[in-house]
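Order-wise, the sequence lines are chains A and B. Offset between the first sequence (1-based) and this note's numbering: plus 473. Offset between the second sequence (1-based) and this note's numbering: plus 473.
Hints in this document: simulated from the structure, not taken from any laboratory. No false leads were slipped in.
In silico DSSO-like links for lysine-lysine, alpha-carbon gap of 30 Å or less: (1) A:Lys-543 - B:Lys-575; (2) A:Lys-621 - B:Lys-579; (3) B:Lys-579 - B:Lys-475.
According to the in silico footprint, chain A covers these stretches of chain B (three or more CB under 8 Å from chain A): (4) 531-543; (5) 566-574; (6) 587-601; (7) 620-632; (8) 637-649.
We put the beta carbon where it would ideally sit given N, CA and C, even for glycine.
Protein chains: 2
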Amino acid sequence: MKKEDIIKQINIKKTFLCVGLDTDIEKIPTFLLDYEDPIFEFNKRIIDATQNYCISYKLNLAFYESQGIKGWESLAKTVNYIPKDIFKIADAKRGDIGNTSKMYAKAIFEHFSFDAITVSPYMGSDSISPFLEYSNKWVIILGLTSNKGADDFQLIKDNKGKHLFENVIETSQRWGTQENIMYVVGATKTEYLEKIRNIIPDNFLLIPGVGKQGGNLEDVFKYGANKDCGLIVNSSRDIIYASNDQTFAEEAKKKAKEISSSMALLME
Amino acid sequence: MKKEDIIKQINIKKTFLCVGLDTDIEKIPTFLLDYEDPIFEFNKRIIDATQNYCISYKLNLAFYESQGIKGWESLAKTVNYIPKDIFKIADAKRGDIGNTSKMYAKAIFEHFSFDAITVSPYMGSDSISPFLEYSNKWVIILGLTSNKGADDFQLIKDNKGKHLFENVIETSQRWGTQENIMYVVGATKTEYLEKIRNIIPDNFLLIPGVGKQGGNLEDVFKYGANKDCGLIVNSSRDIIYASNDQTFAEEAKKKAKEISSSMALLME
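In isolation and in its complexed conformation, chain A is listed as follows (with noise of 0.2 Å):
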């Protein structure tokens, strides 16, 4: 998918909403272990209920690889199940040696058809670029993550002043271009959100951590929103765990759309 597609669905839908399909086994609603793939299942009825409000979803590989080859199964159907015009992303957090990272690129990009990876930059170039040799295909760095470990290594200063993710992010710049690198930045970390627009005013950036993580939309967008938009907003445990019985998907869909409605409002 090209950048001014992604730009054009968000103008359509008027929402930068991803709905996170970490789907797990434990937390959907019971009747759903009756049918033959429970997970694709509550995917399918998740996917029907919210593709109105949301223009990508993003697939926790980790929630599929825990059910051995059966969740690879519900990952493959899953995939072919969305909706073409929707940005697909697999979150894998993949990063190797080069001949290894053509080998996640191929499962990832050819094997599923997703649209982007996550990638962990700790290997750094050679790890990162066999993902940039496709067209039309994303890769996703990690800059500055929501979880509270973040604060381990990313915020480190360089004998510059410079934190390990400002360096990410503009050393990774010379791999790809703004058509095929985007960064994920935790929504809890909306006072670093400013210095890296400054860096990269044009790059999408991918925002988990809104929700259940504690991050608020509204400071996300003023510091993260740029003239496309420029922001992909992730929402996982909120919308697809809002009910946990037969009205599950109808209270998705509820909870995505006041989501997507509170987006519309702030790109007025």
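Since the structure of chain A is provided, determine the placement of chain B on it from the hints.
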């Protein structure tokens, strides 16, 4: 597997070799493609041929994921085929927020019965601690990797002159013990091995990069070995692709035996 069991195996077999099963369907002998599961057939024969000359197998998950669901089947069969007294490493470079790393741990330690997983430290403590909750299982944290891109961030110095990889090794010491944490240190970075051994005299190190990537075994042993040996040195392509015809397993055996003999000499 306990640390004492790994040390015991090293002393019995007089080797600290890990054979890397980076099995690429495009590189295995073509006659294997007639089998139902060529990748497993290849691995099975490599394991039969090399198990007396190594103390560990490392499965690079990217190579299996690139084959989709079929690849996960080959992975499962391979892990189950490896003898119980051999240390099984999932080379996965995972790491995500707590609830997600918990799912990866479930995948690697419960669904598959790996003894260890490689993890990326970028997201800090809570991205790694879920793996440390399992008894007799290991995390192998990326310290200083063997690839060119390692220089991009791992060698950044903080305002006290300490490299990022030193900060990673020092800080992560607080998360676990020498009974459940190892570190990846590339064989191409022997100039830093002495420094690393000063920080962590007792932890095991997983050393990739000997052979094709240019690392030198003698230097690795000189600067990296400790009283327990403390090293697991990986070789992948040099062994498993030693030959590309009917003799591949025999040639892999020769190569593994040759490397192990060099290791035995160093250990004398």
